[in-house]
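Read top to bottom, the protein sequences are chains A and B. Its first residue numbered 1, the first sequence is counted upward by one per residue in this note's numbering. Its first residue numbered 1001, the second sequence is counted upward by one per residue in this note's numbering.
What the hints contain is simulated information worked out from the structure, not anything from laboratory work. Even glycine gets a Cβ: it sits at the ideal position worked out from N, Cα and C. Each hint should be verified, as a subset may be incorrect.
Residues of chain A placed beyond 12 Å of chain B at every Cβ, according to the derived structure [as the list claims (entries may be wrong)]:
| no. | residue |
| --- | --- |
| 1 | D100 |
| 2 | S106 |
| 3 | E119 |
| 4 | L129 |
| 5 | K161 |
| 6 | M188 |
| 7 | H208 |
Straight-line Cα separation of at most 27 Å, BS3-like style, residue types lysine-lysine; simulated pairs [stated by the list, open to error]:
| no. | chain 1 | residue 1 | chain 2 | residue 2 |
| --- | --- | --- | --- | --- |
| 8 | A | K161 | A | K193 |
| 9 | B | K1161 | A | K161 |
| 10 | B | K1161 | A | K228 |
| 11 | B | K1161 | B | K1182 |
| 12 | A | K228 | A | K161 |
| 13 | A | K162 | B | K1206 |
| 14 | B | K1189 | B | K1162 |
| 15 | B | K1193 | B | K1161 |
| 16 | B | K1162 | A | K162 |
| 17 | A | K182 | B | K1206 |
| 18 | B | K1162 | A | K161 |
| 19 | A | K161 | B | K1206 |
| 20 | A | K193 | B | K1228 |
| 21 | B | K1182 | A | K162 |
| 22 | B | K1193 | A | K161 |
| 23 | B | K1161 | A | K193 |
| 24 | A | K206 | A | K182 |
| 25 | B | K1182 | A | K30 |
| 26 | B | K1228 | B | K1162 |
| 27 | B | K1193 | A | K162 |
| 28 | A | K189 | B | K1161 |
| 29 | A | K193 | A | K162 |
| 30 | A | K206 | A | K228 |
| 31 | B | K1206 | A | K189 |
| 32 | A | K161 | A | K189 |
| 33 | B | K1228 | B | K1161 |
| 34 | B | K1206 | A | K228 |
| 35 | B | K1189 | B | K1206 |
| 36 | A | K182 | A | K228 |
| 37 | A | K162 | A | K228 |
| 38 | B | K1162 | B | K1182 |
| 39 | A | K182 | A | K161 |
| 40 | A | K228 | A | K193 |
2 protein chains.
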Amino acid sequence: MSGTLFGIGLGPGDPELMTLKAHRLISSAKVIAYPAPDSGESFARSIASASIPSDAREIPIIVPMRVDRFPAQEIYDQASEEIAEVLATGQNVVTLCEGDPFFYGSFMYLFERLSDRFEIEIVPGVTSLTACAAQLQRPLTSRNDVLTVIPGPLPDSEIRKKIEEAQAVAIMKVGRHLTRLKALLSDMKLLEKAGYVERASLNEQKVHRLIDLEVETAPYFSMILIYKGDEAWTLPPSYSS
Amino acid sequence: MSGTLFGIGLGPGDPELMTLKAHRLISSAKVIAYPAPDSGESFARSIASASIPSDAREIPIIVPMRVDRFPAQEIYDQASEEIAEVLATGQNVVTLCEGDPFFYGSFMYLFERLSDRFEIEIVPGVTSLTACAAQLQRPLTSRNDVLTVIPGPLPDSEIRKKIEEAQAVAIMKVGRHLTRLKALLSDMKLLEKAGYVERASLNEQKVHRLIDLEVETAPYFSMILIYKGDEAWTLPPSYSS
C-alpha cells in the first residue's frame, strides 16, 4: 500500500485562515514538502510553521526566484522522485501550498508528475481572491455577475477586452506591471472602482484605493479588484492600513 | 462602543473546511445570525453546528426559497435592524455564510445595510470554486490562464462568448439549467473537458465527468468546471463517488 500525497491549501498568509483540516493533517504529518526560494524563508512553510511537528522530515523544493516564475522542469522531476520514494514506502507526504493548490499553484507540477502513480488528495484553501475582497470591504461578486480573473502579465489589449466584458474583475500577480495596469485602468475610467491589496491578511498587508497608490512597483503577491456590476458598491474613502 | 458585525465564510460544507479563525469566532460567539429557509434546516448553521455555543442567541434570517433566490428587501431590512439593535449595545454579532461572504453570498444584503453604521469584519472562506476543482482532481488554473466564473442562469449566447475567451471556466448555480448547459457544451465540443460537482465536500457529494451525467436537473449547489488551457490536463476516466 502506497502512501497518499496531500496538497494542502494554507490560505493567503494569516495562519488562522488555514482550515481545520489543513491544521489537523499538518500537525500529524511525518513528511512535509514545500516550495522554497534559493535564499530566505519559504512562504508556505512560514504560514504553517506553528503546526509543523518538530520531528517531521522536511523536503524543501528549492525553486530559484525568476522573473517569469515558471520553474525549471528538472527541479520538479527531482522533487517528485524524492516524494515518490517516500510514498512507495507507504508513508503519506503533506505538501504545503500558499492559497489553494489548484488556483495558480505550483502544486500542479507535482500533481502532473505523480497523479498516475499515487493517490492524491487536495485540501482546498482560502484564495487571495476572497481574502483581498474581505480586506477591501467590498463584495467580489453577487447575483448573476460574471467574474473574470486575469493574470497581470498579459498584454494590455487582452486585459482591456476581458475587463470590458465582466462585471467583476481580479487582476492577479500585479507586481512589476503596476504602472502599466494603472495607466490602462485610468484610460478605461475605472481607477475609482479599483482597489489594491498586497500581502492580504499578513502583518505587512497594504490596502488602498488604486487611485491613492503612489508607488510604481508592487510585490508578486498583489491584486487589483474592480467592480463594475449593477450594485452601487464603492470603495471606502480611506483604508487604515 | 458598538459591537462588530462578523461575516464568516464557512467553506463549501465539510465542517473541517472552516478556517481556524471561523471556528474560534463561532465558538466564542454570544449572538449568531444565519440565513435559513422557510422550512427545513439552515445549510450555513448545519456546517457550523458543532462549534455553536449552546447558550448563544440565534437570529435566523428566514428567506423563502424562490426560483430566482434574490430575496425580498424587507426581510433584510428587518434582519438588519434586529442585528443593529444588538450591535448598538456593544455586543458583536457573528453571521454564518456558506462559502465566502463576498463570493455570490447573501451576506452582502446585510453588509450594504449596516456598513455605514457599524464596523464589519469579513472572514474569508474556502469557495466552492476550489472545493470543486479539488474533488475533480484537476487544477482550476495555472500560469497565465484567464479564469471566468459564469452564473448558469445567463443566456446561452452570453455563456458561449465567455467560454470562448477563457482558458478556465466555472459555471455556477447549474441547477435547473443543466440540460441546456450540457447541450451548449456539447455543441461547443467541450463536453469531454467538462467536470460536474454537486454539494462539494459533503457526504452527499456527486462528482462526474459531465459527459457521464445522466440526470436532467441538478441542485442549486452544483458547478461545471471546464479547462481549455495549454496544459494537457484531462479528467480521470471515472470517479468513485
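How the hints compare with the structure:
1. D100: The claim is violated: A/D100 sits with its nearest Cβ about 4 Å from chain B, within 12 Å.
2. S106: 9 Å, violated
3. E119: 10 Å, violated
4. L129: 8 Å, violated
5. K161: Violated: least Cβ distance 8 Å, not greater than 12 Å.
6. M188: 17 Å, holds
7. H208: Answer for A/H208: holds, closest chain B Cβ roughly 17 Å.
8. A/K161 / A/K193: 17 Å, holds
9. B/K1161 / A/K161: Status holds; Cα separation ~12 Å.
10. B/K1161 / A/K228: Holds, at roughly 19 Å.
11. B/K1161 / B/K1182: 16 Å, holds
12. A/K228 / A/K161: 14 Å, holds
13. A/K162 / B/K1206: It is violated: about 32 Å lies between the C-alpha atoms, which goes past 27 Å.
14. B/K1189 / B/K1162: The given pair, whose Cα atoms are some 15 Å apart, holds under the 27 Å limit.
15. B/K1193 / B/K1161: 17 Å, holds
16. B/K1162 / A/K162: OK: B/K1162 and A/K162 at ~9 Å, within 27 Å.
17. A/K182 / B/K1206: 43 Å, violated
18. B/K1162 / A/K161: Distance ~11 Å between B/K1162 and A/K161 Cα, so the pair holds.
19. A/K161 / B/K1206: Status violated; Cα separation ~36 Å.
20. A/K193 / B/K1228: Measuring from Cα to Cα gives roughly 30 Å; hence the hint is violated.
21. B/K1182 / A/K162: Holds, because 25 Å separates the two Cα atoms, which is no more than 27 Å.
22. B/K1193 / A/K161: 25 Å, holds
23. B/K1161 / A/K193: 25 Å, holds
24. A/K206 / A/K182: 17 Å, holds
25. B/K1182 / A/K30: 44 Å, violated
26. B/K1228 / B/K1162: Satisfied, since the Cα-Cα distance of roughly 12 Å is no more than 27 Å.
27. B/K1193 / A/K162: 22 Å, holds
28. A/K189 / B/K1161: 24 Å, holds
29. A/K193 / A/K162: Holds. A/K193 to A/K162 sits at ~16 Å (cutoff 27 Å).
30. A/K206 / A/K228: 23 Å, holds
31. B/K1206 / A/K189: Violated, because 44 Å separates the two Cα atoms, which is more than 27 Å.
32. A/K161 / A/K189: 14 Å, holds
33. B/K1228 / B/K1161: 14 Å, holds
34. B/K1206 / A/K228: 34 Å, violated
35. B/K1189 / B/K1206: Roughly 23 Å between the alpha carbons, so the hint for B/K1189 and B/K1206 holds.
36. A/K182 / A/K228: Since the Cα atoms of A/K182 and A/K228 sit roughly 16 Å apart, the hinted pair holds (cutoff 27 Å).
37. A/K162 / A/K228: Between A/K162 and A/K228 the Cα gap is close to 12 Å, so the pair holds against 27 Å.
38. B/K1162 / B/K1182: 16 Å, holds
39. A/K182 / A/K161: Cα-Cα ~16 Å, so holds.
40. A/K228 / A/K193: 7 Å, holds
Violated hints, in rising order: 1, 2, 3, 4, 5, 13, 17, 19, 20, 25, 31, 34; the structure is consistent with all others.
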